[in-house]
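If you want the building blocks of each chain, they are given just below.
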Amino acid sequence: MRQSFAIGIGGAAGQGVATPGDIFAKIFSRRGLHLNVYNAYQSIIRGGHTFLTIRTGPGKITNMGDRIDLLIPLNQDTMDRHLGLLSSGGACIYNADTIKPGKAADGVQLCPLPVSKLADISRNKIAQNTLAIGAALSMTGIGFQALESVLAEQFRKKEKAVIDENVGLARVGYDYATQNFKAFANPLPMTDARYAVLGGNAAMAMGGAAAGVKFYCAYPMSPSTGVLHWMADHARKANIMVRQVEDEIGVINMAIGAAHAGVRAMCATSGGGFALMSEALGLSAQAEIPVVVIDCQRAGPSTGVPTKTEQGDLWQMLGASFGDYPRVIAAPLDIGDCFTLIPEIFNIAERFQCPGIVLCDLLLAEGRLSVDPSILNFAPEVDRGEMITSANGNGHGDYKRYLITESGVSPRAVPGLPGHTHVVSSDEHDEDGVLISDEYTNTVKRRAMMEKRMRKVVGIEASVQPPKMQGPADAEVTLIGWGSTQGVIEEARELLADQGIIANQLQIRWLVPLHGDAIANILKRCRHNIIIENNYSGQFARYLRSETSFVADGHIRKYDGEPFMPHHIVEAVKEQLKGTTNLSVPMHEIMV
Amino acid sequence: MATDIAAPKLTTMADLKGKVDPDWCPGCGDFGVLAAVQKALVELQIPNHEVATISGIGCSSNFPGYINTYGMHTLHGRSLAVATGFKMANHGMTVLVTGGDGDGFGIGGNHFMHTMRRNVDLTYIVMDNQIYGLTTGQTSPTSRKGMKTKSMPFGNVEGPINPISLALSAGATFIARGFSAEQKHLTELIKQGIQHKGFSFIDVFSPCVTYNHDNTFQWFRPRVKKLEDNPSYDSTNWMAAMEKSLLWGDEIPIGKFFERTDVPTLHESEPVLATEPLVKQSSRIPPDVARAFVEELM
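From first to last, the protein sequence lines stand for chains R and P. Taking this note's numbering, I'd label the letters of the first sequence as residues 1480 to 2071. Taking this note's numbering, I'd label the letters of the second sequence as residues 61 to 358.
Incorrect hints may have been included.
As the list claims (entries may be wrong) - With a straight-line cut-off of 25 Å between C-alpha atoms, the simulated PhoX-like cross-links for lysine-lysine are:
(1) R:K1879 - P:K340
(2) P:K79 - R:K1924
(3) R:K1879 - P:K79
(4) P:K69 - R:K1879
(5) R:K1716 - P:K79
Said to hold, decoys possible - Listed below are several chain R residues computed to face chain P (Cβ distance under 7 Å; list not exhaustive):
(6) A1497
(7) G1527
(8) A1737
(9) W1794
(10) I1854
(11) E1860
Derived by calculation from the structure, the hints in this document are not laboratory data. Note that CB positions come from ideal geometry on N, CA and C, so glycine has one too.
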């Protein structure tokens, strides 16, 4: 079992749950600890219930884990909802003036802070939060020094007096805890590593900047808005043109316009916005103008649950827009991959002049993860494909934008070059870009153009590797996931191994091209296959079946809005190996 | 890229001739608009490779195929969004957007409004025939009340929009109306529109000879009155323009309704575009900037 420690902080939206989360994240990462942050929240600006889980440890921490070690309820509601999550060895720090503890399990330490005695609460409305942070630092053995610089950064926009007051308050909380509460049995260690604390949305935006995106546009939509925020905030330093557009239809069309003018263009949205973009996705394919679209999935259908995660958009991506056309779809495996995937998918989309779709989800988009800063490579390989950027004496008017080639790729002249004027079109066209759709529909030309475009699929498939099996080849059970479930399945495999069940894992990152034959070859050698996904109908299972005829032995699905926790998978695998069921739908125990 | 030309040659009508001839119905108003755009580019001596002609879908939206420039034939209603992205990525090019009333005021109405408030430096020419032609004759957003079409066989019960007053209220900085049969006048308006720094909107009466039997050339001819013929008309006066825009019936004004030159264009408002067009800028993040981005996360 991985060594880890998880803090749960809960309160109403607007009560300041985020700030302690940020402070702990900084302290942990600077201590050389890994961490993962997941925030469960609702679509409400003030009120409701927000529950932030920050889990840390010396080894890789890829998910929220199975247990809370320290609960910090900022209101009674959080105490009532979550005290039961603590088991022996856990602790709960709370404001004794306003919050009544409930019945805790045996061995749980209740740590009441007499907030009005320790602080002047008429002056400092968030005194309880700061006192609790101080107390937590004492109980976890982190010491006080780490906090001072982090608090100074956290409140950098405030006056020195405010910073001093908060440092002083935290000190009071620290000392009070040292005198009155029992420290955790295992103090949090320290390592020489230093990690960056990266959010998924920021990672995708930074990945875009690294890939050379010069034009980014979006319409705000949870949970993708963080990409727009990073881009807008850093646009002038990165020299990226960032626009907020009137709707997602305008967004993708604007991106296509910029891409045609010769720059890399990207946009991000969620399922509803993506639905509005679908028609133009076909334009990108038909006019052969590459564009990259990020879809941060949230629980659907329709407006659905805007602040909850799901992997429910796969079939929308597979079927987006009408007609047959080449496309590329990839799902990042973790928050670090949110960064590295973007330059990769741009290279493929541009080489094959087709749309590229990044199928992310709320779990990654709004989560935070410690990553080795060296993976944030701002000088990745950039392959813009066959582009004509200089007239080079060739401009005699014989340029054919849609030249029929063996690869299906026609060299793309950047507008502005003399002698290369041409028309790109959503209507079917011939090699010259002349419309064949209206006047003299020509079946030979239509067939030739369809085949030219679709030939690109061969090159696209060759441009990515088939997935590789993780773990021992002769495992008792094979767990198959896609995208964001990489980390939680990996940890579940470790927990299963502790119980004597050897599992391996096939995690899918490239959904199109899928390499179905290679996957089928791998899976037919496996003893018991279980597909794990965050949706109701088994969208990936159905896709895999349609592409390969492969039918898994069992399924683990979750569609309650919350992500998988490792024990959900462990228990489901065990019941399926026993033969109790072949479809497990784990119950999420944390009510948020 | 434009500097690749060794010896600049004059732009002629022949240079601007598209790969194919228009497939519009004989007598269609759009022929006159195409000719006027070509003449305007010749008179302004803008080389064809420095022009992008971007359209949506519809009879008039086939326009980019009939003129030899960098053309984009996009989706129904989306030409202005595509053109905005194009202009932001290469503001060194002259961008013309061409289309019809259904494309621009119906399905594309939202983009029309927002492109005007952004003052994107492009010229939007609407071939307004008050009918859907390519779908064989249905009511359009500018069809008159009472007009009988295939989709409203008992007469249009909805009123039309007024593109000129809409453009005035949305903040367009150049607003004009032309008539396809008034070639010289229309060419002049298009030239002024192209030269205008900012969004220029030219609504052109371009009669549909097949499906609109109400608003024909014959119907328009005695009614259109040039604003330029009235020496006291001041096209910098927004209120006067709004008043003129409401005239319809026996007297329908054509000409330049309004122009203001004191509003910066979208590309002028963005410091990122201050040095040179986006497409010519480096797409690499400088190492010190990249380091600072990572440092924020530490």
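### Query
Holds or violated: is the Cβ of W1794 of chain R closer than 7 Å to a Cβ in chain P?
violated (23 Å)
### Query
Does the nearest C-beta of chain P fall within a distance shorter than 7 Å of the C-beta of A1737 of chain R?
holds (4 Å)
#### Entry: Given hint A1497 of chain R near chain P, where the shortest CB pair must fall under 7 Å
violated (16 Å)
### Task
Take a quick look at whether K79 of chain P and K1924 of chain R sit within 25 Å of each other, Cα to Cα.
holds (17 Å)
### Task
Assess, step by step, whether the Cα of K1716 of chain R is no farther than 25 Å from the Cα of K79 of chain P, and give holds or violated.
Given that 25 Å is the threshold and the Cα spacing comes to 43 Å, the pair is violated.
### Query
Are the Cα atoms of K1879 of chain R and K79 of chain P separated by 25 Å or less?
holds (12 Å)
### Message
Min Cβ distance, E1860 of chain R to chain P: is it shorter than 7 Å?
### Response
Because about 12 Å separates E1860 of chain R from the closest Cβ in chain P, which is outside the 7 Å limit, the hint is violated.
### Query
When the nearest CB of chain P is found for I1854 of chain R, is that gap smaller than 7 Å?
violated (10 Å)
#### Entry: G1527 of chain R as an interface hint toward chain P, with CB separation required under 7 Å
Not OK, violated: G1527 of chain R not within 7 Å of chain P, min 28 Å.
### Message
Between the alpha carbons of K69 of chain P and K1879 of chain R, is the straight-line distance 25 Å or under?
### Response
Between K69 of chain P and K1879 of chain R the Cα gap is close to 23 Å, so the pair holds against 25 Å.
### Task
Decide if the proposed pair is consistent with the structure: K1879 of chain R and K340 of chain P, CA atoms, cutoff 25 Å inclusive.
It holds: about 23 Å lies between the C-alpha atoms, which stays within 25 Å.
Of the hints listed earlier, those the structure fails to meet are numbers 5, 6, 7, 9, 10, 11, in rising order.
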